[in-house]
Structure formats: C-alpha cells, structure tokens
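K.L.:
Going line by line, the protein sequences match chains F and R.
My numbering puts the first residue of the first sequence at 1, with every later residue one more than the last.
My numbering puts the first residue of the second sequence at 1, with every later residue one more than the last.
Source of the hints: derived by calculation from the structure; they are not laboratory data.
Because the structure is a prediction, the values reported are computed rather than measured.
Here a beta-carbon is modelled for each residue, glycine too, at the ideal position from N, C-alpha and C.
Relax, there's no trap hidden among the hints.
Just a few of them, taken from the derived set where beta-carbon distance is under 7 Å, the chain R residues facing chain F: (1) 320; (2) 322; (3) 336; (4) 338; (5) 339; (6) 341; (7) 342; (8) 343; (9) 344; (10) 347; (11) 350; (12) 364; (13) 367; (14) 368; (15) 369.
Below 25 Å or equal to it, Euclidean Cα-Cα: the simulated SDA-like pairs (lysine to any residue) are: (16) R:290 x R:27; (17) F:290 x R:352; (18) F:290 x F:331; (19) R:290 x R:330; (20) F:290 x R:324; (21) R:290 x R:24; (22) R:290 x F:346; (23) R:290 x F:356; (24) R:290 x R:325; (25) R:290 x F:349; (26) F:290 x R:290; (27) F:290 x R:323; (28) R:290 x F:345.
Number of protein chains: 2
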Amino acid sequence: MTPGRPLRVLCAPDKLRGALDGARAAAALAAGVRAAGGTAVEHPLADGGEGSREVVQAARGGRVVPVESVDALGRPATARYGLLDDGTAVVEAAEAVGLAALAAAERDVMRASSAGLAAPVLAAVRAGARRVVVFLGGTATMDGGTGLLAALGAGVRAADGRSLGGGGADLAHVASVDLAPARERLAGIDLTVAADVTSPLYGPAGAARVYGPQKGADPEAVEELDDGLRRLGPLLGVADAAGGGAAGGLGAALLALGARMVPGASLIGDLTRFGDRLAGADLCLTAEGKVDASTDTGKTVRAVVDACAGARVPCVVLGGTLTPDAHRLYDRGATAVLPIGPGPRSLDEALATAADDLTAAALAVCRLAALRPG
Amino acid sequence: MTPGRPLRVLCAPDKLRGALDGARAAAALAAGVRAAGGTAVEHPLADGGEGSREVVQAARGGRVVPVESVDALGRPATARYGLLDDGTAVVEAAEAVGLAALAAAERDVMRASSAGLAAPVLAAVRAGARRVVVFLGGTATMDGGTGLLAALGAGVRAADGRSLGGGGADLAHVASVDLAPARERLAGIDLTVAADVTSPLYGPAGAARVYGPQKGADPEAVEELDDGLRRLGPLLGVADAAGGGAAGGLGAALLALGARMVPGASLIGDLTRFGDRLAGADLCLTAEGKVDASTDTGKTVRAVVDACAGARVPCVVLGGTLTPDAHRLYDRGATAVLPIGPGPRSLDEALATAADDLTAAALAVCRLAALRPG
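Given the sequences, and given the hints that come with them, work out the whole structure.
P.N.:
Now the structure itself:
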C-alpha cells in the first residue's frame, strides 16, 4: 500500500458533553486530519438542543441579535436570536430560559417560567423574519409553555378568571387558554420547533417524570407537575403529541400555536447545509461523548451516519465512551466506530484530555484511510 | 472511496499483561480482521520474557519436553524445554524457577535459587540440541545465577571452601567461582540468552534495586542483595555488562558461561520467522497492554514497527493504555496508534473486556485500511 492524494475530510461532531462544545470538537478533529496531511472542513453539529443556534450560525453566518428579556426566574437578562440571510430566525430556548444559567440552589421548577422566550421570538418577527426556528432543550422550566403563551398575549386563566403568568405551580390552577391573541401575533410566520426528545406532555414518559428530577423537582413536585400538565394538554388541544413534553412542555405550547415539530438533528443538518458539505468529501468524522443505544434512535451521530450512507461517503464515528450498542452503527453504514481515549482512567481524566484525544484519534484514522491496497 | 480486495493482515501482538496472552490477543485481533472481510494470520509475539517458549513453538512447532526438576524454593517440580526441528532448544527461565508459580506469601528472594533451570538445559543438551536459547525474565530469584552455576557443576564456594548451593542469602559468602566444570558440560553448544531488560548485575539500575521489591525483597534485603551481587560480578568476570541483572542476575551467570545476549523482542522475531510472514501482508496489527516510553526502547511493539517499516508494510499499534509517549511510534513509521478500549472506566473493567475490545478495534482499523481514495 502507498499513500494516496490528500484526503478531504469533513469534521462533523456533536458536542462532547462536559468536555467540548461542537466547535472545539471539530477543531480538535481537524488538527488530527491536518497532522495526517489531509484537508479538513470543520462543520460542528448539534441535536437541536443546547448549542444549536451557535452551530447554525457557524455554518450560515447572519446576525446575532441581543434582546432584553427575563430569565426563567423573571430576573432581567439578555436573550438573543440569530437572523440568517434568507430571513430565517433561529432562537434557542436554553439561551433565554436555560437551566445552565441558574446556580444549582436556584433551580425551582415550581417557579420557573418560559415567559422569557417570548421576547426574542417577537423581536425576530418584528425584525422581518418570515420563518422562526425554536430549538428546545436545556430549559429550567416545567410550565407547559404557559409562561411563553401568556407573554405572547394568550389568555391563560384560572377558574375565577384571574390571569396566570406561568410557572409550574400555576399549572394546578389553569382552567382556560385562549390562544387567539398569540396566534395573531405570529400570523404568517413559518414556525418550526426542533426537539431532541419525543416525550409526550404528561404520563410515565412525560416531561415531569422524565426530566423533572434533573431540573430540581422532588418526587412530590414531579407528581404535582405531571397532574398539572395532564390538565393542560386538552386545553392546548395537543394532548399526547410526541415531543409535547420537550423543554418542560414548551413543545406542546408551540404545537398549539401551529408550529411544525421536527427532529433536531436532521433540522440542524438541513439548516447547516450538511449535505452540500458532504459532496466532495472523501471521509466524514463524527463524534459524541457517549455512543450508546440512544445514538441509534435519532441523535446527531446517527443522522450523520445516515447522511453519509446516502451520499456514499465513508463515515467514522468516535466516541468518548462506547457501549456495545455503538456497534449497531455498522449496520447503518458507518465505516468504523472507534473509542477516543487512551484506556482505563477516570471520567475526569478523560474529560480533561478530550481535545488531544480527538486529535490523536483523527490522525490515526486519517492515516489508515489514506492507505490504498497495492 | 470504494472497498478494495480483501486485506491480508498479520496479527502480531505481544501479551496484554493481566488480560490476554499473546495467542489469545492474536485470536481476538484476527476475529476483527475476519469480521471486516480480511484474511488474518495469527502470529503472537513476546519480548523474550514469559510466554516466549510458547510463542516460538506456536510459530515453529517442534517437541515440548517435560523435565523433572525443582522450583525456585527447591521443591520437586516439572520444568520443560522446547526442541525445534532444526536442533534449537528453547528454555524459558520462568517455566523452571518462575515467580508466578509461587504464592505471594512464598516469595523469598533470600532463599530462592535458580538451580532448577539447570535440568531442562542439560536435558536439551543430552537430547542433542546444538543451540540452546534461554529466555530470561519472570523468575522468583535474585541469586546472581549461582544456583544454576552450581547445578551445572561449577564450584561456587565460600572462603572456607564450603560449597554454596545458590539463593540470595548465599551471595554474602561467595568467595570463589570455578566455571570450568559447567563450561565443559556445555562445550560446543551455541548458547543464546534473550533478555527484555538491560539492567546491569548491581548498582542503582541493577537487579536488586530495580526488581528486588517486586520479588518480595524489603529495603534491607535489597541492600544485602545488591552488596552480594557487587561481590559476585568480578568473580564471574562480567562486572557491569548490560543485561547482567536480568532474571535476578541469571544474565550475568549465563554471560560468564559464554552465552551471547540478544534483545528478546528481536530474537523472538527471528525465531518465529516474523520477516517471512510479513512478506505479502497488506497490513500488520500489533498490540500490548500499555504503550509508553518503554515501548520505544526495545519492547515487542517497537520491534514490530521497525520490521514493518523495513518491509514497507503498514503497521497499526493498538494499546490498552496509551501514554503520550506512544505517539513517538509515528516517528518510527507506525501507520496508526489507537486505543483499544471504549473510554473512561476502571482497569478491572478494561481487563475483563479486552478480547472484545481488540476485536472491535481491529474491525474498525481494517475497514478504514480497506478504503482507497477514489
């Protein structure tokens, strides 16, 4: 075997949670590609949750517009949206009412409200956006989107006619929702919602039971919130739609406003024009922190593997942790599935060296892929 | 890129200490090669220490001959030698006076003797062997080879003329060594000694200081043994020769008998005819438990990388643990250096899954290597 011409390699990782965001992961892969003599294109991806707006704008550019708003606890805060050149606005719920912006002791799902998401959405509409994409995931809220709806002008009322402002504790009192004023403000807007989960609004797989605990809800609060979301579902007219439970029920509220819900990973692929970048690539490298059974059911890496298979571009998957399920990706057409790290060690050690490890793995992979049977 | 013809892959790992012997490691690699559609040849290697006789006979066949002898503590035990078809006998010191054969509580370097190595060597000579190869390493002894010398007929005496039988405690009393009777019994024999270390007999890098503790010597015993070995060196006429400290000083005793000392890894390569196997291979996979700075200074993997570079066969190194030094192998011509395991986890977990991990890594590597730039 002899080396061929330089490989053209598309570096398209998701974030490695707790270690690297998508851009840093792509840069680390690209460093390895270049060390092996290849040509690297950095194309970080996301699953529709945190980091999605940034990833879209890294690929598409456009303006980043700050908007005065409130955080999930109602305190003044700056949210933002991105405005792409084709008139599409991208808004990330986690950048408005995110969990990561709160100290651990501040997490309070009974109080947290999605109201702060309204300001960037309305600002984008006022700025002339014809399409608004909302990325869900990573919010501090469990209010079924009632905060957002009220802030958009919808009537969210208790049985005695009193207006409710949002917050998990209000769910027990919601008796009626008048969506018309909010729908009017978004009239003519193509509203798209990207979710990385398919949880319904309530029930055993619903928002409160699955995501309540990680947002700070104790078992009693989980039950109260699940009851409240079950009460809200029929009022929104979306009952048990898949993805309704995304972002503490924001999914259901946006569906009620006429939004189209799409899987986050494939939407990110479309918005970042991943397919165009794939044409002409000799090889695609993708990566995530943990490659497991959930990877096979719709995460970024699975979307990359599918797109590569369709485009007949070899695809190598690198995982910080691989479970045995990771190898299902071979059935989907992955060329190789490889661990990133150098062997037995603690999780902290693995996180600390993730960039070097990715670079090293990409270097190794590219040297291999550049071989041709003689 | 499109797949090429099936790859012909030589699977040539060292043992993965604590997990797999060389043969099992080669089989695990071969399973991955075959899963990727390649043709695998299993060629386990060793560094001249434990497992060396087995590896040589796996490649060369010949007879395995059991010999009644004694273990390092003088108890009746069966040693063995291998007799190859060309008249070469291979004897592994660890199979005669090995540390692994003793319970932890039995380890006693002051008492342990290399005498038990004499029986298989003499049996091989009696059986007509013209060349005797002794693999050092892995012994329970620290007697400077005095036990072996005495058992071969050499006069090992105290100042009062009393014969000493070997054992670390005797070193303090050795006043003269008459090698002639032992040399006579080995007359006409081409004696080759393979060592995987370059320690001299005594001193800061000597046998007692470096290897005493892992054989059970406490700090006081280490000093006593080092003094004894320093006393023995001039009596053997080999003083501070490199490798004299191998196997508790057996290296020095065999050098004194006229043996030629060679690095274990390259001798194993010669004896197993690794070069012949390399001709015609598209790719070579090698592996060891820990790839670190010591790999670059003469272990099996380094010898494989060198041989592959000479034969222009791509070589991929897989390590259970990779330290940053592992990447020096790229400078030696390695095609790729990859971790075996699936990420952060304990050493015990890594050891338990080593075979599956190797298979998975080999599969991935071969799929990559089978690509050809389009």
